[in-house]
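Student: Here is how the chains run, residue by residue.
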Amino acid sequence: MEEILFGIGISALAGALATVAGAAEDTESDIGSQGDPNSQVQLAPQMGYVHRIYNKAISGEPPAYGLWVALAAGIAWALMAIQYNAILALIIGSAVAVFVQGVYATTAYLGRTASLAKFEQPVYIDILKSVTTVTMAHAFVAVFTTVTMCFLIIEALGHPFPLPLMGLVWGIALGAAGSATGNPFYGKERQYQNYPFGAGLPISASGDIVRYAEAGQRSSLDNGWFTSKGAGPASGICFGLIVFFELWRTILFEPFAAGWGAVIAGAVIIIVFMVIDRMVETWARKTYGPYTTAEAVTEEEATA
Amino acid sequence: MSALGGGSAGGEGINPAASVIALVIVLASVGIAYVVYPAALIPLIGVIVGGVLISFGVHFVPVGGAPAAMGQAPGIATGVAMLAAGGGLAGLFGGAWAAEMGIWVALGAGAMGGGLLMAITCLMVNVVYVYAMGIPAASGKVDKDPITGDTYEGYRSQGTEGHGLPFISYVGGVIGGILAGAGGTLIYLELLSVYQEALPSFLGMTPEGMQTLAVSLAGIFAVGMFLVAAVLTAYNITGTIEGPHDPKFKRWPRAVIGSSAACAACGLVAILLVVI
Chain A
1 MEEILFGIGI SALAGALATV AGAAEDTESD IGSQGDPNSQ VQLAPQMGYV
51 HRIYNKAISG EPPAYGLWVA LAAGIAWALM AIQYNAILAL IIGSAVAVFV
101 QGVYATTAYL GRTASLAKFE QPVYIDILKS VTTVTMAHAF VAVFTTVTMC
151 FLIIEALGHP FPLPLMGLVW GIALGAAGSA TGNPFYGKER QYQNYPFGAG
201 LPISASGDIV RYAEAGQRSS LDNGWFTSKG AGPASGICFG LIVFFELWRT
251 ILFEPFAAGW GAVIAGAVII IVFMVIDRMV ETWARKTYGP YTTAEAVTEE
301 EATA
Chain B
305 MSALGGGSAG GEGINPAASV IALVIVLASV GIAYVVYPAA LIPLIGVIVG
355 GVLISFGVHF VPVGGAPAAM GQAPGIATGV AMLAAGGGLA GLFGGAWAAE
405 MGIWVALGAG AMGGGLLMAI TCLMVNVVYV YAMGIPAASG KVDKDPITGD
455 TYEGYRSQGT EGHGLPFISY VGGVIGGILA GAGGTLIYLE LLSVYQEALP
505 SFLGMTPEGM QTLAVSLAGI FAVGMFLVAA VLTAYNITGT IEGPHDPKFK
555 RWPRAVIGSS AACAACGLVA ILLVVI
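For the record, the sequence lines run as chains A and B.
Just so you know, the first sequence maps onto residues 1 to 304 in my numbering.
Just so you know, the second sequence maps onto residues 305 to 580 in my numbering.
Just so you know, the hints here were simulated from the structure itself, not pulled from any lab data.
Wrong hints could be hidden among the right ones.
Taking lysine to any residue pairs in the SDA-like style, the calculated list, with each CA pair at most 25 Å apart, reads [as the list claims (entries may be wrong)]: (1) B/Lys445 x A/Tyr291; (2) B/Lys445 x B/Tyr338; (3) B/Lys554 x B/Ile318; (4) B/Lys445 x A/Ile276; (5) A/Lys129 x A/Val100; (6) B/Lys448 x A/Thr292; (7) B/Lys448 x A/Lys118; (8) B/Lys554 x B/Val573; (9) B/Lys445 x A/Ser115; (10) A/Lys129 x A/Pro202; (11) B/Lys552 x B/Tyr539; (12) B/Lys445 x B/Pro557; (13) B/Lys445 x A/Pro202; (14) A/Lys118 x A/Val134; (15) B/Lys554 x B/Val535; (16) B/Lys445 x A/Thr282; (17) B/Lys448 x A/Tyr291; (18) B/Lys552 x B/Asp447; (19) B/Lys445 x A/Val275; (20) B/Lys445 x A/Thr287; (21) A/Lys118 x A/Arg52; (22) A/Lys286 x B/Lys445; (23) B/Lys445 x A/Arg52.
Reference excerpt, derived from the structure (chain A facing chain B, CB under 8 Å, subset only) [as the list claims (entries may be wrong)]: (24) Pro62; (25) Ala95; (26) Val123; (27) Val169; (28) Leu221; (29) Ser228; (30) Pro255; (31) Gly259; (32) Val280; (33) Tyr288.
We put the beta carbon where it would ideally sit given N, CA and C, even for glycine.
The task is simple: from the sequences and hints, build the whole structure.
Tutor: Written out as structure tokens, the structure is:
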């Protein structure tokens, strides 16, 4: 009984760490424009919209975070092998991984922006100085929490994977959850804030991203401020739920039916989430209703 | 003829010559494995089946790529291989944890791990679309959801091909995660069984001493082969797919043939690494 309680406590702690990781990962990628919305940041100057948005599509978020978390985990693992204190090893590993992220971010920004020179897009050195360090700080939070979560899963829950492999697996999952959940909010709600709320972006409007703020030109730091209120927490909840339920169902139900208990619990949890999704979808259809054309709205108003 | 002039659309059909070459690669790999290390025959077939499961499963995953990030197309706003890897590797995590409970329980745990990641991710995608962006789900490929019967005419905003995750895409995502998770776990378990048997005799290590090495090697090869199968499938899909109702779904036999050949070759290398 005590062992199960301990396991559930570790699951909750790992879930909490994953929640922070998801939120930091998404905010980092939104500040740096690393996810799919980067296509618009890259496209905008080609359509004549020169901007001051950071542009560092190093790779898709899952392989990028797979690399950084695995790197942090690998260094921490090596340091622990020579008897370093575990917490110190995790911090040093994460710090080294973040320097690698910073190098990638710098070269990506310079390379991608310089390739737009023929469209008169300048390389802004002040952006490089001010935004790169902010993405590095967010990346540190995401990498450190994920690698700590991996350490807990191995040391406290007894998973057979070595730390670097565990870091690779959960780093890729972190990037997948963060990019899937967070990209639409940054891509549509922030980059195309001047287009109507409650509708997708017309394909013909691609590239016309918002470039001006309340005062002066919009900075990527503003984008981090905006997305940390929506996409960041949503990504955090997403990754936190994934980690928590994955651990919880195994810890609590694996002893039943020779291991099949955890499988059945997984199936039940999936069905519950499926029902919730259907409720969300139905709610949206009932509440928002079908789209109406401008003529239909005018007719309705005239009738009223 | 230039690279720019080449067409990107691969078409729907199966290329007979390429399929025969793939079959030859599979048979040659299996034959070499049998000659070099007969005990590796069944594990190699398991690896090939794992690759087939991953490749078939990836076709179910609704991936919208960059257009989905602007609400211009339905699906999840990330790449095909990225998302499938996330789901499949979460499954691999669960499957590896349950490895000592037997192959069927481990496969079930791996499948549920992948399905769980996709179920939660797909739900959160819809939550963001509906509550943070005020956009209802609408398919761009069909006018009526094959499962719920919901019609999408009128729910697509102007100038887009639909948005969000309709229920059929959600179900597709979960099925894709389940198949990919099971496939990744199967590759891991088969390679682990070869390494646990071969490493002590070939390296002269004790079974306890080589456990970490066997787990690490099997895990990293499973991750690698997972990406091989997922990326090959992403090339077959060419961009975005909505799920099992998408016309592109019919292309799956091609990717399955290609992935089986690729996984056979990679599996052979993974086995030869420890037995030569």
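Student: Please go over all the hints and tell whether each is borne out by the structure.
Tutor: The hints, checked one at a time:
1. B/Lys445 x A/Tyr291: holds (18 Å)
2. B/Lys445 x B/Tyr338: With a Cα-Cα distance of about 46 Å, the restraint between lysine 445 of chain B and tyrosine 338 of chain B is violated, given a limit of 25 Å.
3. B/Lys554 x B/Ile318: This hinted pair holds, its Cα atoms lying about 11 Å apart.
4. B/Lys445 x A/Ile276: Holds, at about 24 Å.
5. A/Lys129 x A/Val100: It holds: about 16 Å lies between the C-alpha atoms, which stays within 25 Å.
6. B/Lys448 x A/Thr292: holds (19 Å)
7. B/Lys448 x A/Lys118: violated (46 Å)
8. B/Lys554 x B/Val573: violated (31 Å)
9. B/Lys445 x A/Ser115: With Cα atoms ~36 Å apart, lysine 445 of chain B and serine 115 of chain A exceed 25 Å; violated.
10. A/Lys129 x A/Pro202: violated (34 Å)
11. B/Lys552 x B/Tyr539: holds (12 Å)
12. B/Lys445 x B/Pro557: holds (21 Å)
13. B/Lys445 x A/Pro202: holds (17 Å)
14. A/Lys118 x A/Val134: violated (29 Å)
15. B/Lys554 x B/Val535: holds (18 Å)
16. B/Lys445 x A/Thr282: holds (20 Å)
17. B/Lys448 x A/Tyr291: Holds, at about 16 Å.
18. B/Lys552 x B/Asp447: holds (16 Å)
19. B/Lys445 x A/Val275: holds (23 Å)
20. B/Lys445 x A/Thr287: holds (24 Å)
21. A/Lys118 x A/Arg52: Distance ~16 Å between lysine 118 of chain A and arginine 52 of chain A Cα, so the pair holds.
22. A/Lys286 x B/Lys445: holds (22 Å)
23. B/Lys445 x A/Arg52: Between lysine 445 of chain B and arginine 52 of chain A the Cα gap is close to 37 Å, so the pair fails against 25 Å, i.e. violated.
24. Pro62: holds (4 Å)
25. Ala95: Hint violated; alanine 95 of chain A Cβ to chain B Cβ min 24 Å, cut 8 Å.
26. Val123: Valine 123 of chain A check fails; min Cβ-Cβ to chain B is 24 Å, beyond 8 Å.
27. Val169: holds (5 Å)
28. Leu221: Hint violated; leucine 221 of chain A Cβ to chain B Cβ min 20 Å, cut 8 Å.
29. Ser228: With a closest approach of 13 Å, the serine 228 of chain A hint is violated.
30. Pro255: violated (10 Å)
31. Gly259: holds (4 Å)
32. Val280: Given a least distance of 5 Å, the restraint on valine 280 of chain A holds.
33. Tyr288: holds (5 Å)
Violated hints, in rising order: 2, 7, 8, 9, 10, 14, 23, 25, 26, 28, 29 and 30; the structure is consistent with all others.
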